[in-house]
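Novice: What follows is each chain in one-letter form.
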Amino acid sequence: NAGVTQTPKFQVLKTGQSMTLQCAQDMNHEYMSWYRQDPGMGLRLIHYSVGAGITDQGEVPNGYNVSRSTTEDFPLRLLSAAPSQTSVYFCASSKTTGEGTEAFFGQGTRLTVV
Amino acid sequence: EDQVTQSPEALRLQEGESSSLNCSYTVSGLRGLFWYRQDPGKGPEFLFTLYSAGEEKEKERLKATLTKKESFLHITAPKPEDSATYLCAGGDTGGFKTIFGAGTRLFVKA
Numbered sequence: 001n002a003g004v005t006q007t008p009k010f011q012v013l014k015t016g017q018s019m020t021l022q023c024a025q026d027m028n029h030e031y032m033s034w035y036r037q038d039p040g041m042g043l044r045l046i047h048y049s050v051g052a053g054i055t056d057q058g059e060v061p062n063g064y065n066v067s068r069s070t071t072e073d074f075p076l077r078l079l080s081a082a083p084s085q086t087s088v089y090f091c092a093s094s095k096t097t098g099e100g101t102e103a104f105f106g107q108g109t110r111l112t113v114v
Numbered sequence: 001e002d003q004v005t006q007s008p009e010a011l012r013l014q015e016g017e018s019s020s021l022n023c024s025y026t027v028s029g030l031r032g033l034f035w036y037r038q039d040p041g042k043g044p045e046f047l048f049t050l051y052s053a054g055e056e057k058e059k060e061r062l063k064a065t066l067t068k069k070e071s072f073l074h075i076t077a078p079k080p081e082d083s084a085t086y087l088c089a090g091g092d093t094g095g096f097k098t099i100f101g102a103g104t105r106l107f108v109k110a
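So the protein sequences, as listed, match chains Y and A. In terms of my numbering, the first sequence is residues 1 to 114. In terms of my numbering, the second sequence is residues 1 to 110.
Keep in mind that the hints are not guaranteed to be accurate.
[Unchecked claim] Here are the simulated BS3-like pairs of lysine-lysine, each with C-alpha atoms no more than 27 Å apart in a straight line:
1) A:LYS79 / Y:LYS95
2) A:LYS57 / A:LYS69
3) A:LYS69 / A:LYS59
4) A:LYS63 / A:LYS42
5) A:LYS59 / A:LYS109
6) A:LYS109 / A:LYS69
7) A:LYS69 / Y:LYS95
8) A:LYS57 / A:LYS68
9) A:LYS68 / Y:LYS95
10) A:LYS109 / Y:LYS95
11) A:LYS42 / A:LYS68
12) A:LYS42 / Y:LYS9
13) A:LYS79 / A:LYS59
14) A:LYS79 / A:LYS109
15) A:LYS63 / Y:LYS95
16) A:LYS79 / A:LYS57
17) A:LYS79 / A:LYS63
18) Y:LYS14 / A:LYS79
19) A:LYS109 / A:LYS68
20) A:LYS42 / Y:LYS95
21) A:LYS42 / A:LYS57
22) Y:LYS9 / Y:LYS95
23) A:LYS109 / A:LYS57
[Stated by the list, open to error] Here are a few chain A residues that face chain Y, going by a calculated C-beta distance under 8 Å:
24) GLY29
25) LYS42
26) GLY43
27) PRO44
28) PHE46
29) THR49
30) ALA84
31) LEU87
32) THR98
33) GLY103
34) PHE107
Treat the hints as calculated values from the structure; they're not laboratory data. Positions of the beta carbon are idealized from the N, C-alpha and C atoms, including for glycine.
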């Protein structure tokens, strides 16, 4: 059971370049989200999705785009990379049952913008 | 403004020395209070979700409790393998639109 898979694990970009961070989950979860984690600030929500075709902005959406064409995949696009986007990015999926909500995170993508 | 604050920032314990981590929150429309464990270089690992004041949940040496303003993560007789950063988050029922605290780094020495 792979869970939540993120690729790549590491990436270096030049300012102005664009790229897509990939996220895939094999648990058939409806809810998926993207966070960035910066030292001393905790995780901050970038974008989230409640199902295929439905996305919404989180706390820090500027400079990022998302789409959700399938339940499994939720890619994050950086339109024009800036040094302020240097961070560790985490994708998560979650499910809610009678026992409550449980979220699963990927291993992260460490992005450096130079 | 919605906010989640964790204290202390770092905690050093001897093996077997029980203690508690604090998470205070002001999140409008809070539907769930979440605890995660994060090891260096890894993604957060889900521990607990609490929904109402007075609720308690346990897992091995960890017990999470919730009041109307705070949550505590109690660690009983910790072992070195409990060393990690513990994250608290407040959010809605789905658990995907959450506000995270900065975390408490726990070090347990043998």
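Novice: Determine which of the earlier numbered hints do not hold for this structure and return their numbers in increasing order.
Specialist: Per hint list: 1, 6, 10, 11, 18, 19, 24, 30, 34 violated.
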